[in-house]
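From first to last, the protein sequence lines stand for chains A and B. Position 58 (the first sequence) corresponds to 58 in our numbering; numbering is contiguous. Position 108 (the second sequence) corresponds to 108 in our numbering; numbering is contiguous.
Hints were generated in silico from the structure; no laboratory data involved. Some clues are possibly wrong.
Restricting the straight-line Cα-Cα distance to at most 20 Å, the calculated cross-link-like pairs of lysine to aspartate or glutamate (DMTMM-like) are [as the list claims (entries may be wrong)]: (1) K108/A - E11/A; (2) K105/A - E11/A; (3) K69/B - D56/B; (4) K69/B - E1/B; (5) K108/A - D38/B; (6) K112/A - E16/A; (7) K112/A - E14/A; (8) K105/A - E1/B; (9) K3/A - E62/B; (10) K105/A - D38/B; (11) K69/B - E30/B; (12) K17/B - D59/B.
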Amino acid sequence: DAKTTQPNSMESNEEEPVHLPCNHSTISGTDYIHWYRQLPSQGPEYVIHGLTSNVNNRMASLAIAEDRKSSTLILHRATLRDAAVYYCIPRRQYGGSQGNLIFGKGTKLSVKP
Amino acid sequence: EAQVTQNPRYLITVTGKKLTVTCSQNMNHEYMSWYRQDPGLGLRQIYYSMNVEVTDKGDVPEGYKVSRKEKRNFPLILESPSPNQTSLYFCASSLTRQGGSPLHFGNGTRLTVT
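Okay, chain B solo, but in the shape it has when bound (with noise of 0.2 Å):
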C-alpha cells in the first residue's frame, strides 16, 4: 500500500533530549516536507526537500535539523527540544515538487516537551 510512515505516534520527552522523529515514504517521490500544526496557527512548514541531498528551510526551521540521504526517508531531528515545540508534526510526500502533483500525509506524531 502506497503510504507515508511516521514513528512514532506519540513521544514524551524532556528538554535537551535530542530526538528524531523518521518519516517514510514507499512511492518513490522526490518531494518531502515536514509540516507543524498547532492550535491558532494551523499548518506551517518546517523544512523541504526536493529530491536526496537538496533540503532547505520553510516557514519556521529554528530548533529543526533535517537529512535527506536517501529516496525514501526524510527524518526530522531535534538537537534541543524545547517546550514550545510541543506540536503535532506531519510528515508529507509528492510526486515532484511541481503543480500537478498531490501531497500525501503521514498520520502525524503527537510530541509533548516537558
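So here's chain A without its partners, still in its complex pose (with noise of 0.2 Å):
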C-alpha cells in the first residue's frame, strides 16, 4: 500500500487560501488520490479525488505534481468551517482490499479569525 506523508498541523486565517501538502512517493501508477476530512463529532467527509490531472469541485482544488509523487489540496478562502483534520488517501483503481482506505494521521488544521 502506498504510504502517504502529511504535516501533523498546520493555520491559516479565516477567508486566506490554505495549501495542504501531501507526499506520496511510493504511489502506484493506478492508484487515484483521495481527500477526507474530518470535522470535530462528524463523521469523514469526502473532499475531492484525482487521477493525474488537477481537479477542481465546490468544496477545493486538488493539484498533482507531475510525478505523482505529492498533491496539494487547496481552500481557496478559509472559512471557520473548514477547521477540520484533512486526509491524504491513495485508492487502488482495481484489486481487492487494494481498494480499501487505509487512513493515516491527517493534517489538522486550525482557521484563526
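Please dock the two separately framed chains into a single complex, following the hints provided.
Printed below as a string of C-alpha cells:
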C-alpha cells in the first residue's frame, strides 16, 4: 500500500487560501488520490479525488504533481467551518483489498478569525 | 437525500451482551465498510464488503462479525462485547471498490462497553 506523509498541523487565517500538502512517493500508477476531512464530532467527509490532472469542485481544488509523488489540496478561502483534520489517501483502481481506504493521521487545520 | 444511516448514535452496554449496529445506504452502492476510531490510533478498518454475500476482514476484525444479505444493509455484530471495543464506529459506502469512487460516511455510533 502506498504510504502518505502529511504535516501534523497547519494554521490559516479566515478568508485566506490554504494549501495542504501530501507526499505519496510510493503511489502506484493506478492509485487515485482521495482527500477527506473530518470535522469535530462528525464522520469523515469526501472532499475531492484525482488521478493525474488537477481537479476542481465546489469545495476545493486538487493539484497533482506531474510525477504524482505529491499533491496539494487547495481551499481557496478558508472559513471557520473548514477547521478539521484533512486526510490524503491513495485508493487503488483495481484489486480486492487495495481498493480499501487506509487512513493515516492527517493534517489538523486550524482557522483563525 | 443520498446518505449512509447508522443506528444507534449512542449505545452503552455491558460486557458480553450481544449487540448489532445497523448501517444502511440508499445509493445502490456495491462497496461498504466499517471503521472504528480511537484516540491516537485514528480510523482503522474492521470489515468490508465488495458486494452482496461478499465480505472480508480489514485490519482489526477480531471480536466483530458482519453480514451483507442485501445491497443496502451492512450490520456490524458484536457477539460478546468487551471494554476494549469501546470506540466510535463509522460505516461507509461507495459505488464500487474502484479508485475513482468516493466514500460516503455515516455520522457514527459511539459505543461504550462497561
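For each hint, the structure was consulted:
The straight-line distance between the Cα atoms of K108/A and E11/A is roughly 8 Å, inside the 20 Å bound, and the hint therefore holds. Between K105/A and E11/A the CA atoms are separated by roughly 17 Å; this keeps the pair inside 20 Å, and the hint holds. For the given pair, K69/B sits about 14 Å from D56/B by alpha-carbon distance, which is consistent with the 20 Å threshold. Pair hint K69/B plus E1/B does not hold up; C-alpha atoms about 23 Å apart against a cutoff of 20 Å.
Annotation: proposed proximity of K108/A to D38/B holds, straight-line Cα distance about 16 Å (limit 20 Å). With a CA separation close to 10 Å, the supplied pair K112/A and E16/A stays within the 20 Å bound. At most 20 Å may separate the alpha-carbon atoms for a hinted pair to count; K112/A and E14/A meet this at roughly 6 Å. With a C-alpha separation of about 30 Å, the suggested pair K105/A and E1/B falls outside the 20 Å cut-off, and the hint is violated.
For the suggested pair K3/A and E62/B, the alpha carbons sit about 24 Å apart, so the restraint of at most 20 Å is broken. Straight-line distance between C-alpha atoms of K105/A and D38/B comes to about 12 Å, which keeps the hinted pair within the 20 Å bound. Only pairs whose Cα atoms come within 20 Å are accepted, and K69/B paired with E30/B is accepted, the gap being roughly 12 Å. For the given pair, K17/B sits about 24 Å from D59/B by alpha-carbon distance, which is inconsistent with the 20 Å threshold.
Of the numbered hints stated above, those contradicted by the structure are hints 4, 8, 9 and 12, listed in ascending order.
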